[in-house]
Amino acid sequence: MAKTNNLFLDYMNNILELAHEDDKIILIDCDLGKSFKSEIFKNEFPERSFNVGIAEQNAFSIAAGLASVGFKPIVQTFSIFASTRALDQFRNSICYTNQSVIIVGAKASLSDPTAGATHQAIDDVGILMSIPNLEIYSPASAENLLSIMKYLIDKSVPSYIRVENIITNKLSEKVINNDTSMEYFKLVNSICSTIIITTGSFTNISINVMRNLKLNFNINIAVINLIQLKPLDEELLFYYCKDAKNVIVYEPLNTSNGIGNKISSMIVKKAGWIVNFVNMGIQDTFTESGNLDDLLCFYHLDEKSLVDKILSLEGGN
Amino acid sequence: MMKGRVSILNETRMRSIAKKVRFDIIKYSNKEMIFHFGGELSCVEILVYIFTQKMEELVKPCRSQFILSKGHACFSLYCLLYELGYLKSRELDSYKKIGTRLQGHPDMKKLKYLDFSSGSLGQGLSVGVGKALGMRIKGSSKQVFILLGDGEINEGQIWEAAMSASKYKLNNLNAIIDVNHQQVDGDTEEVMPLGDLVSKWESFGWKAIYVENGHNFEELDRAFQIESSKPKAYIINTIKGKGISFMEGKKEWHSNKLQGKLWELAIEEVNFYGED
Chain Z
1 MAKTNNLFLD YMNNILELAH EDDKIILIDC DLGKSFKSEI FKNEFPERSF NVGIAEQNAF
61 SIAAGLASVG FKPIVQTFSI FASTRALDQF RNSICYTNQS VIIVGAKASL SDPTAGATHQ
121 AIDDVGILMS IPNLEIYSPA SAENLLSIMK YLIDKSVPSY IRVENIITNK LSEKVINNDT
181 SMEYFKLVNS ICSTIIITTG SFTNISINVM RNLKLNFNIN IAVINLIQLK PLDEELLFYY
241 CKDAKNVIVY EPLNTSNGIG NKISSMIVKK AGWIVNFVNM GIQDTFTESG NLDDLLCFYH
301 LDEKSLVDKI LSLEGGN
Chain A
318 MMKGRVSILN ETRMRSIAKK VRFDIIKYSN KEMIFHFGGE LSCVEILVYI FTQKMEELVK
378 PCRSQFILSK GHACFSLYCL LYELGYLKSR ELDSYKKIGT RLQGHPDMKK LKYLDFSSGS
438 LGQGLSVGVG KALGMRIKGS SKQVFILLGD GEINEGQIWE AAMSASKYKL NNLNAIIDVN
498 HQQVDGDTEE VMPLGDLVSK WESFGWKAIY VENGHNFEEL DRAFQIESSK PKAYIINTIK
558 GKGISFMEGK KEWHSNKLQG KLWELAIEEV NFYGED
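Line order of the protein sequences matches chains Z and A.
This note's numbering puts the first residue of the first sequence at 1, with every later residue one more than the last.
This note's numbering puts the first residue of the second sequence at 318, with every later residue one more than the last.
Keep in mind that a hint or two might mislead.
Here are a few chain A residues that face chain Z, going by a calculated C-beta distance under 10 Å [stated by the list, open to error]:
hint, residue
1, Asp424
2, Ser435
3, Gly441
4, Val444
5, Gly451
6, Met480
Worth flagging that the hints you see were computed from the coordinates, not collected in a lab.
None of the values given here were measured: they were computed from a predicted structure.
Idealized CB from N, CA, C, for every residue including glycine.
With the rest of the complex left out, here is chain Z (with noise of 0.2 Å):
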């Protein structure tokens, strides 16, 4: 459970409970130890920690060479290093010999905003999606996270966690909870014609898009934060999502092959199924540095942009 507001001391205590019941659990770090609050585990643990420096390629090759004798490493790093860097040996050390590895990438998405591009990972759910056995997961909130890690821990498969900026709480207001695949929101329980299919940060958003739609239009939608991007349950999202007219998929990611192509390939698999579906995201440029409110508004994905989406599909009542 989530306890202070600090969304890695929550993380790391978390994966110190985990150790304690298991012994296979290994941290390694790149240098980012700070970042993860890694010196926590490390004060417990220090047989169980190791810090390879700036060199992420090494850092997992080693992950995969420990989880071939028997144990749980974690890698922690950020999540355009994780994606990018080190993407020949996430593929072929650990993902091709299907080792028990957890990647975290923090950082993901705008969650650094003022540095700039090559710290704002919006294209690593894109590239990862192609490699076969990897699981993928982005937390809204710290209670998201900390299901995943004991989740990931027992499961014992390659997977990768993208963490951004997001909310310390549990995200209020849920209707089911389906803990490590999806979390599906709506105000009122009736059918919505307009459904948001949002993920990581961008849940707390469309979430209070969801209360000002009601509070000042009367327009009801549902918003489904996806926790596991892969594998996609694609049945238990067609289940939430047959009956609405709209569907818009926000998403921190590169539009170009993020969440959006996914469902648009879904909506086409599904023959009959006839949705206006529209896809919110980084329309395929690098991003930048600035605010974080001033980027959203830039790249349209603020909350008015939402907003005004939603209204003009459901035609302005």
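Using the hints, position chain A against chain Z.
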């Protein structure tokens, strides 16, 4: 001349296996497929030595580990596994064919005798670091052996692994470099000069051990008796294509098809029924 630790019996056995492996490499090489003859032949003695002197039975749990990081030379390893009784000869015919356990590059998921997969160069040493760390945590005294190519050590990741092995004082880690002096585009000296490998590895905190003739079992054995509290790098001088006169030192035999008259010439040269 004083015989060292390698008893005459052991050396005879190893030389016999090496001859058979060279014979198998030629005999079972599919004439329509490309094989990495140069790199397969240069490491035969190294493989025979490690698997007969340093590794336990491959079906035993909790044993020493071997990673063929220069994965393109896997046919050599497959032939050795056959000679040691782990594979049948008909399986060597299945190499690179659909459904085979003997993939074009080692696949540990398909062939259980392999301790890791490889093919994308430069990753095996890091994997070895991981295994060595894990084995130490478990309190195991077993060793980890990784066979690297000399072209392979162009890859930056190798040096990342070298630094970390030294940091963690992995005295159960053994990096074996098959220095056959060639890579795809030519001599290593031309493509990317390696410099003094002994001093390079020593400067990374390793114990570097040079072997002048990597096809001599006595020299290999002397090298592997050296003890150190540091991770050990064996710089082993070999001949690319060793054993086939027209392949030795020739860059076109890094990878090629062996057919017709040349195949016949090769099989003559490695015929293991012949005299030593």
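Hints, verified against the model:
Taken as an interface hint, aspartate 424 of chain A checks out: its beta carbon lies about 8 Å from the nearest beta carbon of chain Z, inside 10 Å. For the restraint placing serine 435 of chain A at the interface with chain Z, the shortest Cβ-Cβ distance is roughly 8 Å, inside the 10 Å limit, so the hint holds. A hinted interface residue such as glycine 441 of chain A counts as satisfied when its beta carbon comes closer than 10 Å to some beta carbon of chain Z; here the least separation is about 8 Å, so the hint holds. Given the 10 Å rule on beta carbons, the hint for valine 444 of chain A holds: about 4 Å separates it from the nearest Cβ of chain Z.
The restraint placing glycine 451 of chain A at the interface with chain Z holds, with a minimum CB-CB distance near 4 Å, inside the 10 Å limit. Hint status for methionine 480 of chain A relative to chain Z: holds, with the closest Cβ pair at about 7 Å, below 10 Å.
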